Amino acid sequence: MCGIVGLYLKNSKLEPQLGSLLSKMLATMTDRGPDSAGFAVYGSDGDGVKLTLRGPDQAALKKAISGLEDVFALTFEKTERDTHTVLSVPAEREERIRAWLKDEAPGIDVVSAGRRMEIYKEVGLPAAVAERFDLAGMTGTHGIGHTRMATESAVTTNGAHPFSTGIDECLVHNGSLSNHNDMRRRLEREGLTFATKNDTEVAAGYLSWRMREGASLKEALESSLSDLDGFFTFVVGTETGFAVVRDPIACKPAVMAETDDYVAFGSEYRALVGLPGIASARVFEPEPAKVYAWERH
Amino acid sequence: MAETPKDPTLKDARPLPRTKPRFSATFTPDVMSEIRRAAATGIYDIRGAGAKRKLPHFDDLLFLGASISRYPLEGYRERCGTEVVLGARFASKPIHLKTPITIAGMSFGSLSAQAKEALGRGATLAGTSTTTGDGGMTQEERGHSQTLVYQYLPSRYGMNPDDLRKADAIEIVIGQGAKPGGGGMLLGQKITERVAGMRCLPPGVDQRSACRHPDWTGPDDLEIKIEELREITDGEKPIYVKVGASRPYYDTALAAKSGADVVVLDGMQGGTAATQDVFIEHVGIPILAAIRPAVQALQDLGLHRKVQLIVSGGIRSGADVAKALALGADAVAIGTAALIALGDNDPRWEADYQALGTTAGAYDDWHEGKDPAGITTQDPELAKRLDPVLAGRRLANYLAVMTLEAQTIARACGKSHLHNLEPEDLVALTIEAAAMAQVPMAGTGWIPGKTGF
Amino acid sequence: MSSYDLNQAPLRDLNRALHALRPDTNETHWTITGPDGRHAIAVGLDAPISVEIEGNVGYYCAGMNKLASVVINGNAGVGVAENMMSGFVHVRGDVSQSAGATAHGGLLVVDGNAGARCGISMKGIDIVVKGSIGHMSAFMAQAGTLTVLGDAGEALGDSLYEARLYVRGSVKSLGADCIEKEMRDEHREQLYAKLQAAGLAGEVNPSEFRRYGSARRLYHFNVDNAGAY
Numbered sequence: 001m002c003g004i005v006g007l008y009l010k011n012s013k014l015e016p017q018l019g020s021l022l023s024k025m026l027a028t029m030t031d032r033g034p035d036s037a038g039f040a041v042y043g044s045d046g047d048g049v050k051l052t053l054r055g056p057d058q059a060a061l062k063k064a065i066s067g068l069e070d071v072f073a074l075t076f077e078k079t080e081r082d083t084h085t086v087l088s089v090p091a092e093r094e095e096r097i098r099a100w101l102k103d104e105a106p107g108i109d110v111v112s113a114g115r116r117m118e119i120y121k122e123v124g125l126p127a128a129v130a131e132r133f134d135l136a137g138m139t140g141t142h143g144i145g146h147t148r149m150a151t152e153s154a155v156t157t158n159g160a161h162p163f164s165t166g167i168d169e170c171l172v173h174n175g176s177l178s179n180h181n182d183m184r185r186r187l188e189r190e191g192l193t194f195a196t197k198n199d200t201e202v203a204a205g206y207l208s209w210r211m212r213e214g215a216s217l218k219e220a221l222e223s224s225l226s227d228l229d230g231f232f233t234f235v236v237g238t239e240t241g242f243a244v245v246r247d248p249i250a251c252k253p254a255v256m257a258e259t260d261d262y263v264a265f266g267s268e269y270r271a272l273v274g275l276p277g278i279a280s281a282r283v284f285e286p287e288p289a290k291v292y293a294w295e296r297h
Numbered sequence: 001m002a003e004t005p006k007d008p009t010l011k012d013a014r015p016l017p018r019t020k021p022r023f024s025a026t027f028t029p030d031v032m033s034e035i036r037r038a039a040a041t042g043i044y045d046i047r048g049a050g051a052k053r054k055l056p057h058f059d060d061l062l063f064l065g066a067s068i069s070r071y072p073l074e075g076y077r078e079r080c081g082t083e084v085v086l087g088a089r090f091a092s093k094p095i096h097l098k099t100p101i102t103i104a105g106m107s108f109g110s111l112s113a114q115a116k117e118a119l120g121r122g123a124t125l126a127g128t129s130t131t132t133g134d135g136g137m138t139q140e141e142r143g144h145s146q147t148l149v150y151q152y153l154p155s156r157y158g159m160n161p162d163d164l165r166k167a168d169a170i171e172i173v174i175g176q177g178a179k180p181g182g183g184g185m186l187l188g189q190k191i192t193e194r195v196a197g198m199r200c201l202p203p204g205v206d207q208r209s210a211c212r213h214p215d216w217t218g219p220d221d222l223e224i225k226i227e228e229l230r231e232i233t234d235g236e237k238p239i240y241v242k243v244g245a246s247r248p249y250y251d252t253a254l255a256a257k258s259g260a261d262v263v264v265l266d267g268m269q270g271g272t273a274a275t276q277d278v279f280i281e282h283v284g285i286p287i288l289a290a291i292r293p294a295v296q297a298l299q300d301l302g303l304h305r306k307v308q309l310i311v312s313g314g315i316r317s318g319a320d321v322a323k324a325l326a327l328g329a330d331a332v333a334i335g336t337a338a339l340i341a342l343g344d345n346d347p348r349w350e351a352d353y354q355a356l357g358t359t360a361g362a363y364d365d366w367h368e369g370k371d372p373a374g375i376t377t378q379d380p381e382l383a384k385r386l387d388p389v390l391a392g393r394r395l396a397n398y399l400a401v402m403t404l405e406a407q408t409i410a411r412a413c414g415k416s417h418l419h420n421l422e423p424e425d426l427v428a429l430t431i432e433a434a435a436m437a438q439v440p441m442a443g444t445g446w447i448p449g450k451t452g453f
Numbered sequence: 001m002s003s004y005d006l007n008q009a010p011l012r013d014l015n016r017a018l019h020a021l022r023p024d025t026n027e028t029h030w031t032i033t034g035p036d037g038r039h040a041i042a043v044g045l046d047a048p049i050s051v052e053i054e055g056n057v058g059y060y061c062a063g064m065n066k067l068a069s070v071v072i073n074g075n076a077g078v079g080v081a082e083n084m085m086s087g088f089v090h091v092r093g094d095v096s097q098s099a100g101a102t103a104h105g106g107l108l109v110v111d112g113n114a115g116a117r118c119g120i121s122m123k124g125i126d127i128v129v130k131g132s133i134g135h136m137s138a139f140m141a142q143a144g145t146l147t148v149l150g151d152a153g154e155a156l157g158d159s160l161y162e163a164r165l166y167v168r169g170s171v172k173s174l175g176a177d178c179i180e181k182e183m184r185d186e187h188r189e190q191l192y193a194k195l196q197a198a199g200l201a202g203e204v205n206p207s208e209f210r211r212y213g214s215a216r217r218l219y220h221f222n223v224d225n226a227g228a229y
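If you read the protein sequences in the order shown, they are chains Y, C and H.
Note that the working numbering gives residue 48 to position 48 of the first sequence, counting from 1, and the numbers run on in steps of one.
Note that the working numbering gives residue 448 to position 448 of the second sequence, counting from 1, and the numbers run on in steps of one.
Note that the working numbering gives residue 113 to position 113 of the third sequence, counting from 1, and the numbers run on in steps of one.
For the record, the hints were derived by calculation from the structure and aren't laboratory data.
In this text, all values refer to a predicted model and were calculated from it rather than measured experimentally.
Just so you know, not all the hints are guaranteed correct.
Said to hold, decoys possible - Short derived list, chain Y residues pointing at chain C, Cβ under 8 Å: (1) Thr-151; (2) Thr-156; (3) Asn-158; (4) Asn-179; (5) Asp-182; (6) Arg-189; (7) Thr-193; (8) Phe-194; (9) Asp-229; (10) Cys-251; (11) Asp-261; (12) Arg-270.
Cβ atoms here follow ideal geometry from the backbone N, Cα and C, with glycine treated the same way.
Make the full structure from the sequences, and use the hints.
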């Protein structure tokens with residue numbers, strides 16, 4: 001029902017090519033997920049927090065952003081990409097800016113927030129989505145992409161992955177959770193809010209909640225193995241890290257390739273074939289119920 | 001040959017057609033027999049068992065098995081957990097059970113010593129708990145029950161701090177589904193010397209139990225009573241609070257607020273040893289209607305799955321267990337079904353049932369103490385008919401079957417533990433069940449009272 | 001002698017320490033200070049010790065007592081000595097509702113007055129109240145004796161079983177199935193023994209009391225008693 005790709009660079013050698021490599025990987029996974037696509041890219045860091053906003057079109061985004069600039073008496077650095085705009089905002093104003101957007105710009109969603117992470121997602125074929133946002137032109141240290149075949153929740157942009165789980169944190173998922181309704185109710189009582197009926201959003205919310213309660217990413221993923229039921233392969237990105245975990249039964253496919261320069265993830269091997277040096281890479285399937293994590297310092 | 005039309009003024013020689021005898025839907029033969037019985041005796045009808053009328057029940061719900069959008073689990077290799085922990089909220093020694101199917105409280109007195117022993121043996125083999133009842137704990141029962149819940153009832157018959165300390169958990173009984181708001185009853189035929197001695201009563205009296213606890217009423221005082229029980233047992237034992245289903249949202253919320261570790265919720269199909277038929281059939285609500293409000297109460301307090309909910313009243317199969325858990329219960333309790341597994345109402349005693357004016361399957365005069373199966377009796381000759389070892393084995397088999405059945409359903413729904421069943425796994429066959437269980441009518445998204453058409 | 005200040009240390013620790021005492025313990029006398037109306041003080045005792053509480057206590061003080069002797073130098077809240085099995089509980093002040101409720105044995109002495117439902121569902125305890133008792137006392141009382149030097153409130157002994165009630169003063173009203181019964185020698189002897197146990201031998205004359213007990217008309221369901229059900 002979905003395809004996942006991920007590319008995590010261990011050094012700066014391939015950083016200029018991150019977007020073009022990820023974009024090809026994503027397009028390869030079209031068959032697994034033709035409904036919508038999305039990706040998170042960890043690119044350059046600016047002074048403040050990068051908010052990725054999504055609106056119905058650029059005109060609506062421009063209107064909201066000029067309203068913001070008037071109210072906060074600031075001029076933001078911004079990058080416009082189709083239906084998304086990345087705004088750089090001062091970290092200390094982030095919360096108030098988000099509150100203003102929520103109240104005053106109802107058609108505008110904050111897709112992600114982070115020092116480095118930007119998330120883009122839209123309904124449509126993966127190659128077209130990548131092209132709309134010019135993924136091929138992006139650079140960075142790591143990125144995660146997802147192609148979606150919707151199962152039980154609607155085909156909407158909000159239902160597309162990746163889901164942001166917090167500052168610089170995102171999650172993509174392949175599989176189908178079987179206890180997400182009760183888990184969503186539990187997390188809602190913990191104060192989390194959900195925009196969709198999507199099981200992955202619940203998984204993302206679960207990880208956010210665990211980390212908010214003090215767990216590390218690894219601990220949060222480990223506890224997800226007992227708290228989340230059903231079938232899942234999660235790929236998670238953080239500002240400097242990349243993690244993979246599969247449920248104990250591990251039916252959903254996952255292939256990984258590791259070289260001195262990168263760690264790559266694909267739902268299928270064919271997503272990885274275009275990567276440089278793939279022929280000599282160590283290719284393996286992640287073990288069930290084991291958390292794999294990489295960190296770059 | 002066609003009949004030739006006759007002159008209408010001519011009298012038909014054939015007999016006149018008669019109206020077929022017609023029974024009233026209001027004054028049915030059953031109703032009329034009860035009126036005649038009441039008129040002859042001047043006393044209300046007393047009987048055992050639970051509500052016999054047809055009620056919206058778990059039969060009206062179906063599971064949505066996994067197929068493409070969800071994936072099922074394999075039957076043997078892939079684990080589907082059934083264990084349950086009860087009482088970890090406050091008790092330092094919570095109860096660990098292998099299956100979420102427990103044995104409900106039934107008293108020695110209403111049941112023979114052999115039947116109590118069999119319940120303990122069966123529950124122990126299955127890795128679950130059994131429960132005392134009005135009248136206290138017997139040594140047979142404690143000895144044969146690995147995990148024994150001690151009921152703390154309004155009557156306090158046989159209430160003894162030594163037994164309290166011997167118990168694995170304490171269940172404060174406020175009411176039961178067959179008679180929410182009513183006290184117990186045990187007629188003189190069953191108050192033998194031993195039963196009377198345990199209850200400090202004169203042998204042979206028609207015993208009435210109080211309907212309220214003698215030293216507390218309401219949630220504010222219940223909180224203090226729970227504190228006392230915790231003090232007496234050094235905070236070790238889980239404390240359950242049992243209520244009959246009538247206002248489950250409030251009663252569950254108040255039990256939890258009063259400090260209960262576990263709430264036991266008994267629907268109107270739950271059995272009783274003896275009470276007025278009018279009480280059984282007309283007071284309380286079916287368990288199907290009670291679970292969601294109770295779960296909602298726990299969810300609103302942030303205590304769902306922290307304060308466990310045990311539901312009972314008409315649980316018969318693993319499907320019923322799975323449905324109760326999907327609606328949000330943590331465990332179930334069985335009473336009547338356990339007695340049937342022991343041998344209650346077995347057709348092998350049909351001649352004896354006939355002699356009592358009834359038939360196997362309908363026998364409910366449990367208060368009279370003449371049970372041909374030797375279960376609801378204190379008559380030593382009848383009680384001897386029940387072999388506690390064999391009967392315990394039958395109960396253990398039945399508990400194993402129910403557990404396997406519930407696992408079968410949960411695996412089909414892609415769950416690696418019974419507790420991961422959800423209301424969203426269910427649909428309803430009738431509007432009544434859809435409204436009560438708050439799940440959609442099958443094939444629609446319609447939950448009466450919740451969503452539009 | 002051990003002493004314990006409830007303003008300094010938790011109640012749970014006190015009760016746990018009292019429960020841990022073996023029958024042959026040397027710590028046979030305990031003084032508890034700072035009760036300040038706390039509930040469930042000295043509950044579930046199971047050793048022949050004596051416990052003295054300096055002040056007023058809340059609900060269920062000395063609940064389910066066995067063997068121990070508990071003296072409360074103050075008033076007691078609801079359910080003092082509830083379900084006592086044996087031993088002795090002495091309240092020097094007044095007690096609230098449900099004193100000695102469901103208790104199976106032992107002796108409860110109240111120097112002052114008792115509130116409503118004194119001895120409710122009692123199952124063998126002896127209760128001596130030097131003052132008066134409130135309404136619905138000895139409701140469904142099954143066994144034991146309730147001795148009252150003062151007056152009794154409304155509905156005394158309603159639905160009574162075999163408990164014996166001795167009242168020296170007035171009885172406002174009797175409950176269903178409770179009747180006055182003849183005071184014979186055996187009853188005066190029994191009453192004398194109870195008074196003696198309460199330290200009143202010689203101070204109070206048993207022949208000043210009236211005896212109340214069950215008419216036993218409600219022991220079996222009967223159409224003519226329908227009004228009482």
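Hint check:
1. Thr-151: holds (4 Å)
2. Thr-156: Where the cut-off is 8 Å and the nearest Cβ of chain C is about 17 Å from Thr-156 of chain Y, the hint is violated.
3. Asn-158: violated (19 Å)
4. Asn-179: Holds. Min distance 4 Å.
5. Asp-182: holds (5 Å)
6. Arg-189: holds (5 Å)
7. Thr-193: With a minimum Cβ separation of about 16 Å from chain C (threshold 8 Å), the hint on Thr-193 of chain Y is violated.
8. Phe-194: Check failed: Cβ of Phe-194 of chain Y comes no nearer than 14 Å to chain C, outside 8 Å.
9. Asp-229: holds (4 Å)
10. Cys-251: holds (6 Å)
11. Asp-261: Violated, about 36 Å.
12. Arg-270: violated (23 Å)
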